[in-house]
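Produce the entire structure from the sequences given, and follow the hints as far as they go.
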Amino acid sequence: MFFFHLMFFSCGMVLKSNIFLELKVGPFPMTFCFDWISWFFSSFVLLVSCLVLIYSNYYMMGDQYYKRFTLMLLLFVLSMIILIFSGSLFTMMIGWDGLGIVSFSLVIYYADKDALISGLVTIFTNRIGDALMLISIFVMAGSWNFFSFNGGLFFTVGAMTKSAQFPFSAWLPAAMSAPTPISALVHSSTLVTAGVYIMIRLEQFLSFFSKPLSIFALGTMLGAGTVALFEKDFKKIIAMSTLSQLGLMFFLLSIGAWKICFFHMVCHAIFKSMMFLSAGTFIMDGDQDTRKKGMMLKLQPFSAVVLVFASLSLMGIPFFSGFFSKDLALDLIFSENCNILSYWLFFVGCILTVLYSMRLMYPSVMKMSSQNESISSSSLIASLPVLLIWAAVAGKTLSKIMLMEDFNLISFPVKSVGLAIVFVGTISHMSNLVPFKKIPSISLAFISGHLISKTTLFLDSDSTYIEKASTISFFNSSNILLSSVKMEKETFLIWVFPFLLWAIISVL
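Using the numbering used here, read the sequence shown as starting at 63 and increasing by one per residue.
Please keep in mind that the hints were generated in silico from the structure rather than gathered at the bench. Small disclaimer: the values here were computed from a predicted structure and weren't measured. Each statement offered as a hint is correct.
Okay, derived cross-link-like pairs now, DSS-like style, lysine-lysine, Cα gap no bigger than 25 Å in a straight line:
| # | residue 1 | residue 2 |
| --- | --- | --- |
| 1 | Lys175 | Lys298 |
| 2 | Lys175 | Lys129 |
| 3 | Lys175 | Lys294 |
| 4 | Lys294 | Lys360 |
| 5 | Lys273 | Lys321 |
Computed Cβ-Cβ distance ranges for the label pairs, DEER-style:
| # | residue 1 | residue 2 | range |
| --- | --- | --- | --- |
| 6 | Ile190 | Asp295 | 21 to 27 Å |
| 7 | Ser397 | Tyr120 | 45 to 51 Å |
| 8 | Leu133 | Ile190 | 23 to 29 Å |
| 9 | Leu291 | Trp406 | 15 to 21 Å |
| 10 | Asp125 | Pro229 | 32 to 38 Å |
| 11 | Asn399 | Asp125 | 52 to 58 Å |
| 12 | Arg130 | Phe186 | 21 to 27 Å |
| 13 | Glu265 | Tyr120 | 38 to 44 Å |
| 14 | Leu133 | Leu182 | 18 to 24 Å |
| 15 | Asn399 | Phe292 | 30 to 36 Å |
| 16 | Asp174 | Lys294 | 16 to 22 Å |
| 17 | Leu182 | Leu85 | 32 to 38 Å |
We put the CB at the ideal spot given by N, CA and C, even for glycine.
Below you can see the structure in the form of structure tokens.
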């Protein structure tokens, strides 16, 4: 279905009309809407779900209740599909409640104390959103149809709870108690994107609440990005990155850019599922502390490549999938009449994205110390090549398909803002890696190779060790980190081939 639909779009056959199918269930009509938005998003949901099922077949191997896990996973996907194709509020509530109930069952899957507490936080927060949805229906003019909907405030707040916007963000990191395949599905294309998707379908009602929504969205984006900089848990760092990107999507919705928001949501589904599935191969030994991870470049080269590609997409490096959506978002910000504070908060949020992406990528892939054993399985990473290819080609391909009618003429300085954000974030992160003593603030270690020597780097207060290095420059210290990595021929080819693929696609 996914590839057929993609071929349908690539040939220029875009579905312009909406097809409605109505089924009577007692006094309530169940209406399904089939348009290009629902078909397109459902295709990616099914693609990611299929790859997660393949991944789960090996990740959950030996689990006593694996059949029950698979059944709940399928019910979870079915609830999301019902929500996507819903053409009325009654049909939408069936999928909406299905997502909440099944997600609770999946979060408490391991049935320990922490999982039960996390499950209660998840279900209670989502119940608030469900109650607000029902209230919004009751204050309507007596119709279940989307296009005769008059309420809006409760509906918007209900969507914010499902997508974990501030102040309803606590349940998202708590949901990390679920198995890693579920985290990949929840954070990429199902539960957390349900609120964004519903707001896209009802974008004509956002104009009444755009300013408050933008405030909460920017607060979520900045708060999640800041927390991700200090988090030590592998999965929670990725969860905070998801929360930050959800804040970005809601901000785009608040300024009326629902098409770019939808485009970014689809691209985000690809590289975020990549991040979780590759991280799952790193934490199968039961330890999720990033400070104890390292040498994955040598121990699990392909998973390391996937994590690097996903992180680069999240950062917005040209020409990965995340670059195209974020570049369009930055272009739109300059063309809108936003206040200067919104500009700066959005830019700071984007810089934080680069910082926590580098922080996630560097210790696990390039750090030389490692306290974990290598757990590598060719079957476990069987689903990753498809996502790896899509991370390289999705941005350019989907931008031509989804945004072919939109064109903005942007000046060169404005167009360079995205690259400047990536540069500032990268330099900010790498400057913290340079071992240093107290030196005059006017001296920048990464500019000259003669400023410092025999210096010492003290890590954060939670760390119990000190790294020492002798260096004369930022570049030499970077070489020290990589000098003892001796790649075998197969490992070298695994690294080189994806980057050659990325370079060829970038030229095309």
